[in-house]
Each structure stands twice: as structure tokens, then as C-alpha cells.
Amino acid sequence: MKEEVEMEVEVTGIEEAKRVVGRLLEKEIPKTLHLRSKWSLIATQLALLRSNLDSVDPLSPNLNLLGLPSIAATLSHTLTLSHSFQSPSLPHGKLLSQSLLHSALSSLRLHVSDSLLLLDSGLLSPNSPSPSPDRDAVLTLIARLQIGIPPSRSFAMDSLLRLLHDQPKNVLLVISQGIIPVLLTLLDNSPSDDMKDKILAAISRISAFDSGKHALDAEGLPLLNHLLRAVEAGSGFAQIEACAALQALTLSRENSRAIAARGGISSLLEICATGMSSIQASATRVLSNLAAFPEVKAKFVDESGISVLFAVLSCGTAAAREDTIRCLCNLVRDDDILKLELVQGRVIPRLKNYWESVPSDASLQAAAEFLSELASCQPIGEAILADGFFEKLMSLLSSEVSGVRTAAAVAIHKLSRCMKSTEETGIGGGCIPALIGMLDGKSMAEREAAAMALSSLVVNKGNRRAFCRDSRGGVARTVRLLDPSRGEKLDRRYPVSVLASLVNNKKWRRLMVTEGACAYLEKLGRMDVEGARKLYETILPRGKVWGILPHQGQS
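The numbers in the working numbering rise by one with no breaks, and the one at position 543 of the sequence shown is 543.
Everything labelled a hint here was simulated from the structure, so no lab data went into it. Please note that a few of the clues may not be correct.
[As the list claims (entries may be wrong)] Using 30 Å as the maximum straight-line C-alpha spacing, the simulated DSS-like pairs for lysine-lysine come out as follows:
| # | residue 1 | residue 2 |
| --- | --- | --- |
| 1 | K94 | K31 |
| 2 | K213 | K489 |
| 3 | K392 | K442 |
| 4 | K442 | K523 |
| 5 | K523 | K507 |
| 6 | K27 | K94 |
| 7 | K38 | K94 |
| 8 | K213 | K442 |
| 9 | K506 | K461 |
| 10 | K461 | K534 |
| 11 | K31 | K18 |
| 12 | K523 | K506 |
| 13 | K352 | K392 |
| 14 | K534 | K523 |
| 15 | K534 | K507 |
| 16 | K38 | K27 |
| 17 | K507 | K461 |
| 18 | K461 | K392 |
| 19 | K523 | K489 |
| 20 | K442 | K489 |
| 21 | K489 | K534 |
| 22 | K534 | K506 |
| 23 | K38 | K18 |
| 24 | K213 | K169 |
These figures come from a predicted structure and were not determined experimentally.
Sequences are here, hints too, so could you generate the full structure?
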């Protein structure tokens with residue numbers, strides 16, 4: 001009997017593990033004499049473990065995930081403990097004995113939980129359908145994230161990050177297999193700082209894809225709370241990754257309101273005020289998204305956000321300053337009072353310093369858009385003109401970036417309307433050729449912006465001449481924008497306005513008709529486009545006299 005008690009048990013397979021479990025339940029535990037309530041709990045976990053082992057397919061290629069060596073060690077330790085608890089007196093003392101039993105119980109619970117998770121995933125169940133190799137690898141990886149000890153989970157997280165960065169299709173596959181709830185569960189379990197950084201990096205990577213944004217958005221407040229906690233108290237790396245995920249999630253009005261209510265704006269502004277430059281840039285991108293929602297704007301004022309944003313605009317990194325300008329642009333939209341407050345706070349000199357310090361015009365799209373917003377308030381538009389921004393915008397029309405050209409043209413349109421007299425609009429004559437070229441731009445936004453700017457500039461006689469004499473055919477290009485059959489959602493009031501400024505000249509009227517303007521204007525008139533009917537009636541009689549009426553049918 002003594003030899004049997006002292007022998008070492010080696011579990012080498014599932015059948016052997018089940019045999020040892022059976023021996024513990026049927027022979028050894030009933031003989032224990034001390035701490036019977038604890039042994040009752042251990043017996044319950046052993047019964048659950050045996051049930052799970054009965055459901056395992058011993059021929060499964062994923063059997064290594066079950067961790068049989070670890071189960072073997074736990075069962076051997078539990079068997080040895082059961083023998084020691086059969087003696088009349090406790091060999092270890094009561095406190096140590098309780099600790100030993102608690103450790104054994106915890107290990108058994110972990111094995112039960114891990115084996116159940118693997119069975120639920122289908123990786124160990126008999127007669128389960130064979131998944132594709134890629135899906136099988138992902139399921140295995142997700143299972144490894146949920147089982148075993150922390151070091152093994154950390155190793156699995158490293159594998160997940162490599163998988164996510166290898167190919168975009170891997171991101172979609174991982175999302176489809178339910179990785180996001182698993183990552184949130186890991187965060188709920190208070191992982192180490194290193195593990196938390198890895199989890200946030202995975203969430204950040206997932207957020208870079210549209211399908212990932214939708215999947216993350218479905219997690220709602222629990223995910224937002226985790227990300228905000230990382231922003232408030234995480235490492236620098238964790239703050240950057242959390243901000244990257246928040247940048248995707250704050251495109252939603254509901255999420256933005258929740259973040260503001262949770263105090264997220266205050267935390268992000270604090271990063272802007274005190275954080276490292278890389279973290280600062282990440283935070284300003286999120287703040288820019290938040291500022292787009294009117295109901296969130298008040299939080300910026302409550303948290304003294306304007307002064308923080310001004311500080312970043314003055315001395316932040318180029319990336320942070322650019323996103324700060326976007327944030328300010330969103331804040332002042334449809335708010336003339338705030339626009340005046342910013343101007344009184346000397347935002348225009350700060351903007352001018354930024355403009356003169358950026359390495360390329362590609363970084364000036366946000367600044368041009370901000371000028372457009374400010375210029376919609378007449379007194380501010382005049383101040384902007386006095387600071388020489390019109391000439392700066394003209395130079396951007398030759399940019400290689402379509403978005404920059406578009407923003408500059410819109411700003412020129414807004415500033416042209418702020419000029420005190422129509423004669424002053426003659427300063428725009430130098431940008432007429434560039435705007436004519438943009439009428440055939442690749443994007444609808446660029447074509448519309450060019451027509452907007454031209455509609456303001458051609459009220460000046462000299463600009464009209466420059467427009468009509470340009471060798472690239474400003475009139476013909478403008479007429480083509482009238483064509484409703486192109487299907488684009490271009491605001492055709494602007495090309496109509498451009499042509500309406502030219503109708504007093506017989507030569508230019510003739511050119512409009514020759515290019516087919518009558519047919520387009522007739523259709524636009526029926527669509528109630530502003531100015532189209534009047535322009536049609538103005539040029540149509542002359543078209544009949546010239547005998548060019550049949551050309552109206554062209555489109």
C-alpha cells in the first residue's frame with residue numbers, strides 16, 4: 001500500500017488522464033479525512049474535466065492545444081495530495097494544506113475552462129467538419145489566446161499581430177471568427193502592461209479596415225471604456241494605438257457623444273498639452289473628429305480646449321498642427337461668434353506662421369478649408385485678405401494634389417465675396433488659367449470648386465476677358481459642366497452663374513450656343529436650377545436667328 005501511495009503517476013494520453021481522474025473520484029477522494037468541503041469542489045471539477053475529455057476526438061490534429069502535459073502534472077499533484085490527506089493528521093498544517101488544495105482547484109478549473117472552450121470552437125470535437133487551412137489556423141490561434149498561462153497567451157498574441165499585418169484578407173478572416181470579443185475579454189481580465197499594449201495594437205490594426213470599424217462599433221461602450229482608460233493611464237504606445245482605434249470609432253455621432261460624456265475630450269486635451277509629440281498628433285486626430293458634431297463642441301469650451309489647441313498650433317509637430325487646424329475648422333463651422341473669438345485670439349497670425357513653415361503644399365488643404373470657414377464671416381474675410389492670403393491660395397491652384405487645389409478654389413470663392421468692390425476681384429486674374437484647367441479635373445469636387453471660384457471672379461471685366469480668351473476654352477469647358485446626363489451631383493448653379501456673367505457679349509453668347517448650352521439649360525430649367533431658365537431665355541432667340549438651333553439637341 002505504501003509503494004502505491006508514493007508512486008509517481010505519468011499521464012501520457014487522454015485515456016490515461018481519464019483513468020487517473022476516475023481513480024481520484026472513485027477511490028482516493030472518498031478516503032480523504034480533512035477539509036472535505038474543498039475536496040468536494042475538486043471532485044466537481046474532476047467530473048467536468050472527465051466529461052470534456054470524453055468529448056475529445058483522440059485523432060484530432062489539434063490535440064496539442066489541450067495541453068495534456070499540464071493536465072498530467074495537475075492530476076499527479078492532486079493524486080499525491082489525496083494520499084497525504086488520508087492520514088489521521090495533516091502533514092502540512094491547516095493553512096498550507098488549504099493553500100495546496102486551492103492551487104489544485106484553480107489548476108483544474110483552468111483545464112476545465114480551456115478544454116470546454118476548445119470543444120466549443122470545434123477544434124477537438126469528433127466528426128466536426130474540416131475547416132480550410134487558413135480558417136483552421138485562425139481558430140487555433142484564437143483558442144490559444146484563451147487557454148493556458150499568461151506567457152503562452154502573450155506568445156499567441158504575437159502570432160496574431162503577425163497574422164494581422166501579413167495580408168489584409170487575414171484581418172477579415174480573423175474578424176469573421178470572432179476575435180474582437182476575445183480581445184475585449186482579455187482586456188477585462190487585467191492583463192500585464194505588455195499584453196495590454198499588444199491587444200490594443202491588434203484593435204488598432206483591425207480599426208484600419210471598414211469591416212473592422214463596423215465590428216468594433218458593434219461592441220459599444222465596453223470597447224470605448226477600455227480605449228479611454230488606455231488614453232488616460234496607458235503607456236505611450238498604448239495611447240497611440242488607442243487613439244488610432246478611436247479615430248475610426250469617432251466617425252460615429254453616437255460614439256462621439258459617449259466619449260464626450262465619459263470625459264474623453266479632457267483626456268485627449270491633456271495629452272495635447274503634456275504628451276510626447278507622437279502621442280499629441282494621435283490625440284489631435286481624434287479631437288478633430290469629435291469637433292465635427294455640434295452637440296460635442298460645448299465640451300471643448302468647458303475644458304478650455306481652444307487655448308490648448310492654440311498652443312499646439314503654435315509649437316506642435318507638423319502633423320499635430322495640421323490636425324489641430326482641422327479641429328478648429330470643425331469647431332467654427334456655422335458659428336460666427338466662435339470665429340470672431342478665434343480671430344481676437346490671433347488665430348490668423350498662427351495660421352500664417354503654419355503656412356510659411358510646412359514642408360510642402362500637400363499639408364495646406366486643412367488650412368485652406370479653415371480659411372473658407374473663417375471667410376464666410378465678412379469682417380474676418382476682409383482681415384484675411386489684408387494678410388495676403390489670397391495670393392497664397394492662388395499659388396495652391398498649381399498643386400499636384402487635387403484636394404489642395406479644390407480647397408484653395410473654394411477659399412478663393414469665399415474671399416472674392418468679401419472684397420469691398422468688384423474692381424478688387426481683378427487680383428484673381430492670375431489664377432484664371434489654373435481654374436479653367438480645373439474645370440476638367442478628375443474629381444467632381446474639383447470641377448465644382450473651380451466653377452465656384454470663377455463665378456465670383458468673372459464679375460470683374462478684366463477677369464471675364466482672361467476667362468474667354470484663354471486658349472484652353474473656358475466657355476466650352478463651363479458649358480460641358482451643364483450637361484445633366486453626366487449624372488454627377490455637381491451644383492450647376494455655379495457654371496450657370498459663370499455663363500450668365502458673359503451674356504452681354506455677342507461673341508460669347510454665340511460661343512455658348514455653339515457648344516450646346518441651350519439644350520442643357522432647357523433641361524436644367526425644368527429641374528429648377530437657379531438661373532438656368534433666365535439664361536436659356538436670354539441666349540435662345542439669338543440661337544434661332546443664327547440658325548444654330550438644331551445644335552441644341554446635342555448632349
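* Starting from the hint list further up, note which numbers the structure goes against and sort them upward. => none
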